[in-house]
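Student: Residue numbers (our numbering), protein chains in the order written: chain A, 45 to 587; chain B, 145 to 491; chain C, 129 to 473.
Derived by calculation from the structure, the hints in this document are not laboratory data.
Just so you know, not all the hints are guaranteed correct.
[What the hints assert, rightly or not] Below, computed lysine-lysine pairings styled on DSSO-like, alpha-carbon distance capped at 27 Å:
(1) K586/A / K91/A
(2) K285/A / K241/A
(3) K408/A / K460/A
(4) K278/C / K353/A
(5) K160/A / K271/A
(6) K285/A / K261/A
(7) K465/A / K278/C
(8) K469/A / K278/C
(9) K353/A / K465/A
(10) K261/A / K271/A
(11) K353/A / K460/A
(12) K513/A / K185/A
(13) K469/A / K338/C
(14) K285/A / K513/A
(15) K278/C / K513/A
[Claimed, not checked] Residues from chain C that keep clear of chain A, each with C-beta distances beyond 10 Å, as calculated:
(16) L239
(17) S244
(18) T293
(19) H385
For glycine and all other residues, C-beta sits at the position ideal for the given N, C-alpha and C.
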Amino acid sequence: MHRSRQSASTRWAVVAVAVLAVGSTLLSACGSGGSSDDGTPAGAAPKSGGTLTFAVGSDVGCVDPQQVGSNDTVYSTRQIVDSLTDQDPTTGKIVPWLAQSWQISPDAKAFTFHLKPGVTFSDGTPLTAQVVKDNFEVIPKLGTLAQLGAGYLAGYAGSKAIDDRTIEVDFQQSNAQFLQATSTFSLGIVSAASVRKTPQARCRDGVIGSGPFVLSKYVPSQSISLKKRTGYTWGSSLFSKSGDAYLDALEFKVVPEAGVRTSSLQTGQVDAIGAVAQADESSLRASGVQLAARANPGVPFGLSFNNAKAPFSDPNVRKAIGLAINRQQIVDTVFPTGTKPATSVLARTTPGYVDLSSTLAFDKAKAGSLLDAAGWKLGADGIRQKNGTPLAVTITWFTNAATNQPALELIQQQLKAVGIKIDLKQLQIAQIAQVLTGGGFEVLWGNVTRADPDILRSQFSTKGLNAYKIPATGLDTVLVQQAAEPDATKRAALVAQAQRLIVNNAYVVPVVELETELGVGKNVHDLRFEASSRIQLHDTWKN
Amino acid sequence: MWRYVLRRLAQAVGVLWAAYTVTFLVLDFLPGDPVSAMAGAGMDSQGIDPAQIEKLRHQYGFDQPVLVQYFHYLTKALRGDFGTSVSTNRSVSSVLLDALPPTLALTGLGLTIGVLTGGLLAFAATYTNHRWLRQGLLSLPSLGVSVPGFWIGLMLVQLFSFRIRLFPAFGNDGLRGLILPAVTMAVLPGAMVAQILARSLLTALAEPYTQTAQAKGAGRLRVHLRHALRNALLPTLTIIGVLTGQLMANAVVIETVFSRNGLGRITAAAVNVQDIPVVQGVVVFGTFVFVTVNLVIDLVYPLLDPRIAVGSARRGPARPRGTPSDPTLGGGLATSTVVGSTAGSSR
Amino acid sequence: MTRPPAAGQSAAGQAATDPAATDPAVVASASVPATQVPTPALGSDDTAEPSAARDAQDGGARPPASRQRLHLPRLGRFFLHRPGLVLSVIVVVVVGLAAFWPALYTSRDPLQGIPSNRFAGPSGQHWFGTDELGRDLFARVVHGAALSLKATIIAVAVAFVVGGTLGLIAGFVGRWVEDVIMRVVDVMLSIPGLFMSLALVTAFGYGTVKVAVAVGIAQVASFARVMRSEVLKVRQATYVEASRSIGARWYSVLGRHVLPNALGPVLVLATLDFGVSVLAVSSLSFLGYGAAPPAPEWGTLISSGRNYLANAWWLTTLPGLTVVATVLSTNRIARALDGEWATQR
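Kindly generate the complete structure, drawing on both the sequences and the hints.
Tutor: Structural data, given as structure tokens:
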């Protein structure tokens, strides 16, 4: 469930700068193994050509960037589309991409974008204001998978194509995060023909974008192939190379086993891998591979309860589960070096984050007494029960990261120590929509990446999908207010209040922040993270 | 002869029809609601609400009487249309056809390697006079059939990809990427060919005429070689027949181990997300291949071994009783009769 | 062939050569594979030679099979000449004990580890090393035996009971009932076994028992065939005809003559099928359709070890060796049993 989003308001972005800077690093800066500061051997000039082979761990079963939020798939689909704006991963600043300039009304309700001239989609049709309008109108209707984009466009009132290259986007209330949202892949612009296709067809066949790469072949759960778009001249102002990308082609291969990915990188069968496992770090370093890590902003990995279902409707049970989890042990045992335990419902690299580690501390004794108070008494078999019902909980999880299973098995051990029996139910990442909308789960394991605290609204507002069946409370008001608040300081206060409400009520139990760690072969240069820890491959080259 | 061929064809078609019916029953009428599974597995934008389920029920015809549904799907299947994959929204037949070539390459090379090494092993084991060597060689096949295929694959990866770094650990990259999976695939047919061939060689070598030939001064190697070659063909054919199903099944596991594209990986993925049309397509396709291969082998058999008369019995050619003779293979005849006895009523 | 028929063939081959079985259909279908999945019985003995070879070497001078009861010195000699068989019996006993009394071998908790001890290689402390959470792999393999062997037993039982009953009915009742049953069996035989299991798993869902049943059902057909051919053979034997002619009731004929005589080969097949089922069950749990983690089913252990191939070889290698040892041993025993059956008749 790596979803992702990122966003920041105009002024908000300024605040974000400082925060983002903490966690943002260019991949090459983290690289080890004797590369110089920018990851390029001194004197080596970038060169064109070659195919980059990238091994990822999973496939969500859909190649439409507007619908997909799973990191492993975003790595490839991000390359197909351009966005109106781009976000500088070091400063958090929003910069021009397809839009060369923009204006925002003082109440942050109207956004006017001026599109670059001469941009075409890979089917030859031009980028016009009308196409952008069509995109924004269809995204909220794409359905379950496209929740990210739909969230960005919440309160969308309509767009006006002022002329061929000018578009005004209007919202019913202030939408402070929208400008940053336009820099995400979820609001990447697809051609008019793609807009007209059904969500299913877009998932299966991909979309026509204006990006530096074009989808050439998709084999579900096996591989995604892209080839270079020639004549590409409208790259983001962040790209260091103008014109076409360096690489001729990209091959994303699905290799579920971390060990196999590692060895394939070491043998040179692939050029880069996603989701490096802690166990493989030292051997990768030893073979000269660059390890690039970047903390993902957004909602950390954690347990999300179905709050309407007994026993999770009892806040004491939820809180006890939170207290019984030893986050530091999980981080040390399972996750890559540098990973931090969760200290709030937002990761520390998210703007507006507040440190709530005192509430999220490990306290077994207190967990026990809370459960006792709730009527769950320890049975003879070491499992608590109430009126003859054992305290057995099923955690549903997805096989999209190698860390999921060991982390959950450890949580299972830790919760057993306070008398809670955990069953683990494993599903494929392709089944996520079914689970979220079906609501049959008891507890879900997952995270959502997004560089804007508005993620709290999309995840925890009872007005949206409300997958976690949170009861309607004052939290809703706070979440709506922060989204509409153009003043950064005031918004931060609201965001802090929302975090406290969520953590204190334990609607979810945050456990560990996601640290994206990539392994990159020695011959690959300038493979960079974008602002939400996904990758941008336009400037990447091989020798 | 032609009457016989036609009858066998009709029988094969009958078995296929019945196999389709069996999978239809298993998948569509056992517990577990196919519609909710489909609604979830697919990319349906509305998620699962009752109206949506009803719509899907209607769309797939689940609201109709069982027989109506059955004939609806059967007529479509007859035209080669096995429906649409609910997880990828592509037609099942194109999903299967796309995945076929890499799997054919894998099983083809695996079978070849297996038959060659198995034959060599049997030859060496029966040729050598060294008691311990012979026993050692002869015990290899029983090891070969006791080892789980996925484990062999993992051991090979560990050794040849991780330690020695000779072959890639995954993928479909050309011949180099095919070697380890094919070797894994080869173990089972290799072991079986070795066993059967060794047995028939030892029998043949004990025959008086062999000893006569040797006594007359024919070189031992020559005699041995002649017997080996003569005895190798039929067991190999039999193995292919019996193993067709098993090789396809192994492909599921081996392609998973090596993250290779192909029919097997499609199958595993379809089971994972309960993609019922694809699972059904795979089962019917597998049966089709199995039945076809065995039909062809049965038709070819008499051409290769004149001792077997065609059409002498009403039941068609019997493969030589003694030949492959392995019990657990059910004797060579085995597979032919799978098809063969379908039509001929027993009394 | 001069060798004593083994396993399935004891059924198939003998039905074919039995003069009583003159019906061509009987001949034909009896010669169908006993098990669709190739089984190990093929193998050489631990004297490492197919019996044919032995016969050949002895010039066919094998001592005629004795119909006497086994007596101890003979039994002793029998085992003494077959060290591999002895070893196999030991392995099966050891594994069997692990399945029912894991505490005999280890007091460690298979589900509770010490995270700081993770990825320790095999040592005196941890015979099989530890896994990614510091759990003792030996304890996990021992406790996994319970899951894996019980699944296997369920699978064999399903195949034996359902297949045996179908075969019995077909053989004993005859007429159209036999036709119908055997046609269904033919169809089942032509669907590749694992595919059939996968289809069943898709329909049933995941879990140890469900996988076991799916594996069992896929093997029903071979049991039905062997049982039917045995029943037919016995039914047409003179003494059965005789007892019928003196007016014995059908159930007494069934209970006194047909069942006891037909059961033997089916039991042999069941033993053989045991190894096949261990492999099939572990394949399915390797693919992820077995018990949910962290249950230490053997196939699941190997599967989760795949993530650590690069840094912890023991996580895949040692559970795999356990599977191999178990299958090899049950196969060897099956072959010995089969030989006994063959020589006793």
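Student: Each hint: holds or not?
Tutor: So, going through the hints one by one against the coordinates:
| no. | hint | in the structure |
| --- | --- | --- |
| 1 | K586/A / K91/A | holds (7 Å) |
| 2 | K285/A / K241/A | violated (33 Å) |
| 3 | K408/A / K460/A | holds (11 Å) |
| 4 | K278/C / K353/A | violated (34 Å) |
| 5 | K160/A / K271/A | holds (23 Å) |
| 6 | K285/A / K261/A | holds (26 Å) |
| 7 | K465/A / K278/C | holds (23 Å) |
| 8 | K469/A / K278/C | holds (22 Å) |
| 9 | K353/A / K465/A | holds (17 Å) |
| 10 | K261/A / K271/A | holds (9 Å) |
| 11 | K353/A / K460/A | holds (21 Å) |
| 12 | K513/A / K185/A | holds (22 Å) |
| 13 | K469/A / K338/C | holds (15 Å) |
| 14 | K285/A / K513/A | violated (47 Å) |
| 15 | K278/C / K513/A | violated (40 Å) |
| 16 | L239 | violated (7 Å) |
| 17 | S244 | violated (8 Å) |
| 18 | T293 | holds (35 Å) |
| 19 | H385 | holds (51 Å) |
Checked against the numbered hints above, the structure breaks hints 2, 4, 14, 15, 16 and 17 and satisfies the rest.
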